[in-house]
Amino acid sequence: MTGFDTSQKPMTMEALPTGTTPGPILSVRGLSQRYQSRAGDRLVLDGVDLDIRQGSFACIVGPSGAGKTTLLRCMSGLLTPSEGEVLLHGKPVDRPPASLAVVFQDYSRSLMPWMSVEHNVLLPLRSKPVSKQERVERTRAALAAVGLSGATDQYPWQLSGGMQQRVAIARALAYQPEALLMDEPFASVDAQTRAELEDLILGVRAEFGVTVVLVTHDIDEAVYLGDEVVVLSGSPARVRERLEVDLGAERDQLSTKARPEFVALRTRVLGLIRGKNA
Amino acid sequence: MAFGSQVTTRGLTRRSAALALELVVPAAIVVAWWLASSGSTSLYFPPLSKIVSAFRQIWLFSHVGPDAGPSLEHLAAGYLLASVSGVVVGVAIGLLPSVGEALAPILEALRAVPALALVPAAVLILGIGPSMQIGVIVSAAVWPVLLNTADGVRGIDPQVNDVARSYRIGWRDRLLRMVLRAASPQIVAGMRTALSIAVVMIVFSEMVGSTNGIGYQLLQSQRAFDIPGMWSAMILLGILGYLLNILFRGFERGVLAWHRGMRGASD
Numbered sequence: 001m002t003g004f005d006t007s008q009k010p011m012t013m014e015a016l017p018t019g020t021t022p023g024p025i026l027s028v029r030g031l032s033q034r035y036q037s038r039a040g041d042r043l044v045l046d047g048v049d050l051d052i053r054q055g056s057f058a059c060i061v062g063p064s065g066a067g068k069t070t071l072l073r074c075m076s077g078l079l080t081p082s083e084g085e086v087l088l089h090g091k092p093v094d095r096p097p098a099s100l101a102v103v104f105q106d107y108s109r110s111l112m113p114w115m116s117v118e119h120n121v122l123l124p125l126r127s128k129p130v131s132k133q134e135r136v137e138r139t140r141a142a143l144a145a146v147g148l149s150g151a152t153d154q155y156p157w158q159l160s161g162g163m164q165q166r167v168a169i170a171r172a173l174a175y176q177p178e179a180l181l182m183d184e185p186f187a188s189v190d191a192q193t194r195a196e197l198e199d200l201i202l203g204v205r206a207e208f209g210v211t212v213v214l215v216t217h218d219i220d221e222a223v224y225l226g227d228e229v230v231v232l233s234g235s236p237a238r239v240r241e242r243l244e245v246d247l248g249a250e251r252d253q254l255s256t257k258a259r260p261e262f263v264a265l266r267t268r269v270l271g272l273i274r275g276k277n278a
Numbered sequence: 279m280a281f282g283s284q285v286t287t288r289g290l291t292r293r294s295a296a297l298a299l300e301l302v303v304p305a306a307i308v309v310a311w312w313l314a315s316s317g318s319t320s321l322y323f324p325p326l327s328k329i330v331s332a333f334r335q336i337w338l339f340s341h342v343g344p345d346a347g348p349s350l351e352h353l354a355a356g357y358l359l360a361s362v363s364g365v366v367v368g369v370a371i372g373l374l375p376s377v378g379e380a381l382a383p384i385l386e387a388l389r390a391v392p393a394l395a396l397v398p399a400a401v402l403i404l405g406i407g408p409s410m411q412i413g414v415i416v417s418a419a420v421w422p423v424l425l426n427t428a429d430g431v432r433g434i435d436p437q438v439n440d441v442a443r444s445y446r447i448g449w450r451d452r453l454l455r456m457v458l459r460a461a462s463p464q465i466v467a468g469m470r471t472a473l474s475i476a477v478v479m480i481v482f483s484e485m486v487g488s489t490n491g492i493g494y495q496l497l498q499s500q501r502a503f504d505i506p507g508m509w510s511a512m513i514l515l516g517i518l519g520y521l522l523n524i525l526f527r528g529f530e531r532g533v534l535a536w537h538r539g540m541r542g543a544s545d
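Protein chains in written order, with the numbering used here: chain A, 1 to 278; chain B, 279 to 545.
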């Protein structure tokens with residue numbers, strides 16, 4: 001927590017309902033995950049401990065194959081860890097909770113190609129106790145927030161990759177989760193689209209006041225987006241370091257990335273991933 | 279805009295060319311048949327004009343009510359029952375691997391019995407009449423639907439299940455809006471095969487154990503040496519098969535529009 005200046009993050013504090021203590025929304029405690037294989041057990045995650053602050057944008061960064069997706073799947077309740085536990089507001093997560101929404105990496109597989117954009121976003125709301133009118137309104141608002149108001153009647157496969165991932169983000173937003181868990185959400189799009197989507201997610205995060213946990217292998221992306229960066233490394237992976245990002249709430253693709261603090265952080269994260277104590 | 283309309287015009291031209299071909303070839307065959315058979319004195323290959331007048335006499339429309347009607351009714355009932363039960367059991371097998379493993383030997387054995395071999399037993403057990411006919415259609419046509427559905431459901435991308443679980447989608451929506459839709463290309467392919475099997479089974483069951491129906495009429499004509507009548511029943515079956523295929527294509531177009539579109543988009 002050293003070097004963490006709260007005055008730079010008023011949003012974190014304001015997002016909390018008055019009267020609650022600013023505890024972590026999500027906690028990971030001693031989480032280990034092993035997979036059975038013919039060569040024997042393979043340990044992927046080894047005793048991961050992690051706290052995600054309410055309202056924070058947390059980026060989990062690590063090399064490919066470091067078990068980032070496994071960690072996110074455990075946090076979302078989709079996967080039961082071999083050891084340890086995940087706590088949501090202090091309560092153990094044993095199945096996907098209603099207050100978490102996941103944005104998967106591969107939009108072409110996570111959207112239903114037989115449904116229009118609108119129905120894709122609306123589908124999860126049908127199982128929620130909300131009126132039909134509210135479902136439609138939430139869907140409309142979420143699609144507007146990602147700039148897809150004009151594409152409601154189209155099918156996902158009629159859209160570009162970046163637009164499809166916007167649909168997936170809209171689906172998550174309409175679900176109105178407390179936290180958004182994103183698994184390498186921008187890994188399958190081109191660089192230009194990626195930058196647009198990064199800024200889009202910063203915008204909707206501010207607009208919807210939602211906690212975001214984003215997994216990525218891209219160090220620049222992690223530092224650019226995050227309020228905090230959690231570095232995973234090693235095999236099996238552990239939390240190597242947790243860094244506060246002092247870049248303020250306003251980020252800009254050009255000027256933020258040119259700032260010496262950004263460059264210093266990026267270098268530090270790269271060193272940590274490579275196993276040096278920078 | 280100009281480009282778009284040009285494409286549509288070209289598409290229309292191509293479609294009308296295909297339609298013309300679809301009409302011209304059968305028309306040419308009919309004309310050739312008519313001319314070639316016009317002077318025929320053969321008992322087995324009567325002039326087409328005789329067959330047509332027999333057709334008019336029998337099928338327009340005196341035997342539609344007593345024969346064609348029941349055929350189509352039983353065909354529809356048997357086919358729908360086969361499709362529904364095939365989808366239901368296929369989904370259960372596809373979703374629950376243990377059910378699939380438990381049923382696999384029985385299913386394989388039942389499927390290996392030629393469908394036509396069931397008819398004598400069905401006549402004994404269910405007697406002569408609609409229940410026997412519907413029964414043999416179901417027992418023959420259910421397999422392609424069932425096996426294709428099970429395959430389709432097993433092959434659904436695990437990501438679909440992840441989405442359903444993480445967004446806590448209710449079982450009804452999961453089943454009707456996710457599982458069935460995701461497997462629909464295979465299900466529809468199975469239903470297409472099942473339709474032709476069902477037509478074979480209705481005709482055969484009417485020949486063996488019925489007192490009405492197109493198959494019954496066909497066999498009666500043959501036995502009475504009413505050869506034009508026999509041919510006219512075959513022509514009716516051909517026309518019905520063609521119309522059923524058109525109906526099915528319409529159904530497929532509606533259900534699988536997304537699938538065709540998606541494949542077109544990725545090409």
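Treat the hints as calculated values from the structure; they're not laboratory data. Just so it is clear, CB atoms sit at the ideal spot from N, CA and C, and this is done for glycine as well. Accuracy of the hints is not assured; some may be wrong.
As the list claims (entries may be wrong) - In silico SDA-like cross-links for lysine to any residue, where the CA-CA straight-line distance does not exceed 20 angstroms: (1) A:Lys128 - B:Ile307; (2) A:Lys128 - B:Trp449; (3) A:Lys257 - A:Asp246.
What the hints assert, rightly or not - Listed next, the stretches of chain B that the computed footprint assigns to chain A, with coverage defined by at least 3 CB atoms under 8 angstroms from CB atoms of chain A: (4) 387-400; (5) 453-465; (6) 531-541.
Said to hold, decoys possible - Just the calculated beta-carbon pair ranges, DEER-fashion: (7) A:Arg126 - B:Ala543: 39 to 45 angstroms; (8) A:Asp220 - B:Ile524: 37 to 43 angstroms; (9) A:Arg126 - B:Thr291: 39 to 45 angstroms; (10) A:Asp246 - B:Pro375: 50 to 56 angstroms; (11) B:Arg531 - A:Arg126: 38 to 44 angstroms; (12) A:Asp220 - B:Gln437: 44 to 50 angstroms; (13) A:Ser160 - B:Ile513: 50 to 56 angstroms; (14) A:Asp220 - B:Val362: 53 to 59 angstroms.
Hints and how they fare:
1. A:Lys128 - B:Ile307: 61 angstroms, violated
2. A:Lys128 - B:Trp449: Holds. Lysine 128 (chain A) to tryptophan 449 (chain B) sits at ~13 angstroms (cutoff 20 angstroms).
3. A:Lys257 - A:Asp246: 13 angstroms, holds
4. 387-400: Coverage by chain A is violated for the segment 387-400 of chain B (0 residues, Cβ < 8 angstroms).
5. 453-465: Three-residue rule met by the segment 453-465 of chain B, so holds; n is 5.
6. 531-541: holds (count 4)
7. A:Arg126 - B:Ala543: 39 to 45 angstroms: Violated, at about 26 angstroms.
8. A:Asp220 - B:Ile524: 37 to 43 angstroms: 58 angstroms, violated
9. A:Arg126 - B:Thr291: 39 to 45 angstroms: 44 angstroms, holds
10. A:Asp246 - B:Pro375: 50 to 56 angstroms: Between aspartate 246 (chain A) and proline 375 (chain B), where Cβ atoms are some 52 angstroms apart, the hint holds.
11. B:Arg531 - A:Arg126: 38 to 44 angstroms: 26 angstroms, violated
12. A:Asp220 - B:Gln437: 44 to 50 angstroms: Taking Cβ atoms as reference, aspartate 220 (chain A) and glutamine 437 (chain B) lie about 27 angstroms apart, which means the hint is violated.
13. A:Ser160 - B:Ile513: 50 to 56 angstroms: 53 angstroms, holds
14. A:Asp220 - B:Val362: 53 to 59 angstroms: 55 angstroms, holds
Consistency note: the structure conflicts with the earlier hints numbered 1, 4, 7, 8, 11, 12.
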